[in-house]
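Participant: Sequence:
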Amino acid sequence: MSRVIFHIDVNNAFLSWTAVDLLNKGYRMDIRKIPSIIGGDESKRHGIVLAKSPVAKKYGIKTAETIYMAKKKCQNLKIFPPNYSLYKEKSNQLFSYLKQFSPNMEIFSIDECFLDMSNTTYLYKDLKQLAYTMKEYIKTHFGFTVNIGIGNNKLCAKMASDFEKPDKVHTLFQEEVASKMWPLPVEDLFMIGKSSAKKLHELGIKTISDLAHVDLSKLQKHFKNNAIVMIRHANGIDDSEVTDGKYQTKNKNISVSKTLSTDTVDIEFIKKVLLQEAEEVGRSLRKQNEYAKTIAITIRNKDFFDYSHQTKLKNQTNETKVIYEVALDLFLKTWKRDYIRNIGIRLSDFVEDSHYQISLFESEEKIQSKSVDQTIDKIKDKYGFDSIIPASLLTSSVDKSKNTR
DNA sequence: TCTGGGGTCCTAGGACCC
DNA sequence: TCTGGGGTCCTAGGACCC
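So for the first sequence, our numbering puts the first residue at 2; every next one is plus one.
It is worth saying that the hints were derived from the structure and are not from the lab. For glycine and all other residues, C-beta sits at the position ideal for the given N, C-alpha and C.
With beta-carbon atoms standing in for the labels, derived distance ranges:
1. PHE305 - LYS89: 28 to 36 Å
2. ASN120 - HIS223: 37 to 45 Å
3. ARG233 - ASP330: 43 to 51 Å
4. GLU176 - LYS222: 31 to 39 Å
5. HIS223 - TYR69: 33 to 41 Å
I would like the entire structure built from these sequences, with the hints used as guidance.
Facilitator: Spelled out as structure tokens, the structure:
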């Protein structure tokens, strides 16, 4: 019994959603029809392209390139700031609509999901027709367009939704792989990024067809175990399941990082940033009721060189104070005294309970610190993240803007 | 010229143990 | 002077995704 999977992908999600919002607010122009982008704030050194209109694409503008470059390619480019809470809202709207069509939906990102339609054939005679119905409903009721890809597995569905955009339904069934997917350049294949594409080209592998027919042992010399997956993908083979939210577990790591307003060696300033970050990751971890065994700090210097350092704790924690102290210690041990552009904290190795040895008694101080966290979390749940700020942050100019994408 | 942020997964290499 | 091998755990760094 072969499976049927849908992949639904919002066209230029951030830009489309901002366009819909502006139109709702009486803005006269549809920014999808002009050269426009959603871009980060250059003054805060977040100056990259987050999304582009089809017209901007015609100018050669690419996602994730610098706004500086994008402006060079198109003089009259219109730039709009991102609005993450709006995007979350639009995303929820879309997913709650789609969920009615199958009990098995996997949310892949804020603007993409998979629907396993395999066991719905008794409900819908013509699944391709159903996809068109969904697409039209979304367009007329929500105001933005999607691409829907249909295939016998997740990979094919995802590749299909990427074919021609926007506002299209495409199929990529097993028997269509050779005609529809093999002619494409190898870098179009899911999970072939810049680095793999470069190596493949050097090996004379230019198309997905080339990759589908390459000798496994030859490829393994360059890609190790990954070669197997690459060749399977090139042949349209993928056994992975659509995993419903109820099986989707909590995050396996939680991280936060901030690009500073200027490159700095000011340790007092860095301490303030670390404290704020410890508060953020600690809170996220407490929210999923887990404790971290590993804490890491990540540093990016002014030359864009990244380095990191991590440590495994004897006793897992989710306390802001402990996270901060460990992170600061790691930082001081690692820092090369170079000018810092970006600093972050990452928590990983989660466990569900806080039980550890030395349980004869917890120190008074520790119990107090825990109850402080609980109190702060409660207040922030009620009044918002910025309602309580550690005293030492009140005088700092740390950028508190958060990215929810 | 200026280059975000938050995830997942994998691998190389060192430490350590038997 | 030449000197095992395997397993496991850990860290750092990289590739990829949106």
